[in-house]
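Undergrad: Sequence:
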Amino acid sequence: MEKANSLSLQLRELVTQAVPLKVHEDSFSYKENLIGALLAIFGHLTISIALNLQKYSHIRLVSCKESKAYFKTKTWWCGLFLLCLGELGVFSAYAFAPLSLIVPLGAVSVIASAIIGVIFIREKWKPKDFLSCGLAIVGTYLLITFGPNSHEIMTGENITKHLVSWPFLLYMLLEIILFCLLLYFYKEKKANYIVVILLLVALLGSMTVITVKAVAGMIVVSIRGNVQLGYPIFYIMVVCMVATAAFQAAFLTQASQLYDASQIASVGYILSTVTAITAGATFYLDFIGEDVLHICMFALGCLVAFLGVFLITRNKRKSIFFEPYISMDAMPSMQNLHDNGTAVQPDLKTSFSYGALENNDSISEIYTPATLTVVQEEHASTGASAHSCQLMAHSKSE
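Per UniProt numbering, residue 1 is the first one in the sequence shown, and the count goes up by one each step.
Bear in mind the hints are in silico, worked out from the structure with no lab data behind them.
Just so we're clear, the structure is a prediction, and the values are computed from it rather than from any experiment.
It is possible that part of the hints are untrue.
[Unchecked claim] Only pairs whose alpha carbons sit at most 30 Å apart, straight line, appear in this in silico BS3-like list of lysine-lysine:
#, residue 1, residue 2
1, 31, 74
2, 68, 55
3, 161, 55
4, 128, 55
5, 161, 31
6, 72, 55
7, 68, 124
8, 126, 55
9, 74, 55
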């Protein structure tokens, strides 16, 4: 009887000792998630403020009479400083929270840019834009609340172990095949579709975020006392991070020359988030141990954030600061062309649009500016003055 009581007492002690340990681990992991999420939100907000400051600087330079280089203004340099600070915040966030949680928080940048544009740059906002921002905010809340909670110390041994794991090797094989196919169609078949270009960017971006998390995590572990900078995998990750980021910038530049920035922002955010979450799930095993409810709610948060970002950027257009035009009263008898049945702009089957001062070779070949001699100009001026005098005399006689 005494042995049974002592055995039950030992079991109760084990249970009471294990429960606080589990609670402590969960609270620590949620604290890490919160730190990473707050750093990411701070970074994206700062980046949005920085970009809008630089945009405001360019707008002021366009409206200013005196010509001045943009890099000589304090506003532009302040924007550059905030941009670097925001990028540092996002970089640090990868060291604390799972990759699949940090990447979708890029929606915060779109929300902040829309709100800052309305407040400071006086951009027009329609009522449906409020709904779009609301959806993006709700999606962000769901992402933070139901995000993955897996944490691992980013040591050189752990990263090397993940790098040679069969799920990641299979993922890399599929990604390389898909990237080569897309690159072939883009370069050889001239498939300049926005989905093709931005999918190339997203595939490169999935490798970028993997390397960013590895580098940031190893730096944080080294700061805490366990130095990891002596491992070769650290420098391999740094080289891969810089290379993939450079190729991303090249493809984004090509996309910006073909498509509007709002389309690139929405489609690029969706594709990059999907590929990055897939990469985090295969390399860092972000969703191992998560229950079905949390995974479903996290997926719902991603969908709601996607919808909000798409609706925010759907109606955005490039702002036109100045559009030169030809005034109708600049030429004699131009106002009566409609009454006589004469076409204002002849159909030349070209891209020339009425009112725009654009260069067009076909127009310069067909229509050349007429030149008047000095005698003709004097005769025209005297004739016009005589005609005006006759009209004044006739009005006085009446």
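Undergrad: Could you tell me which of the hints above the structure violates, numbers in ascending order?
TA: 1 and 3
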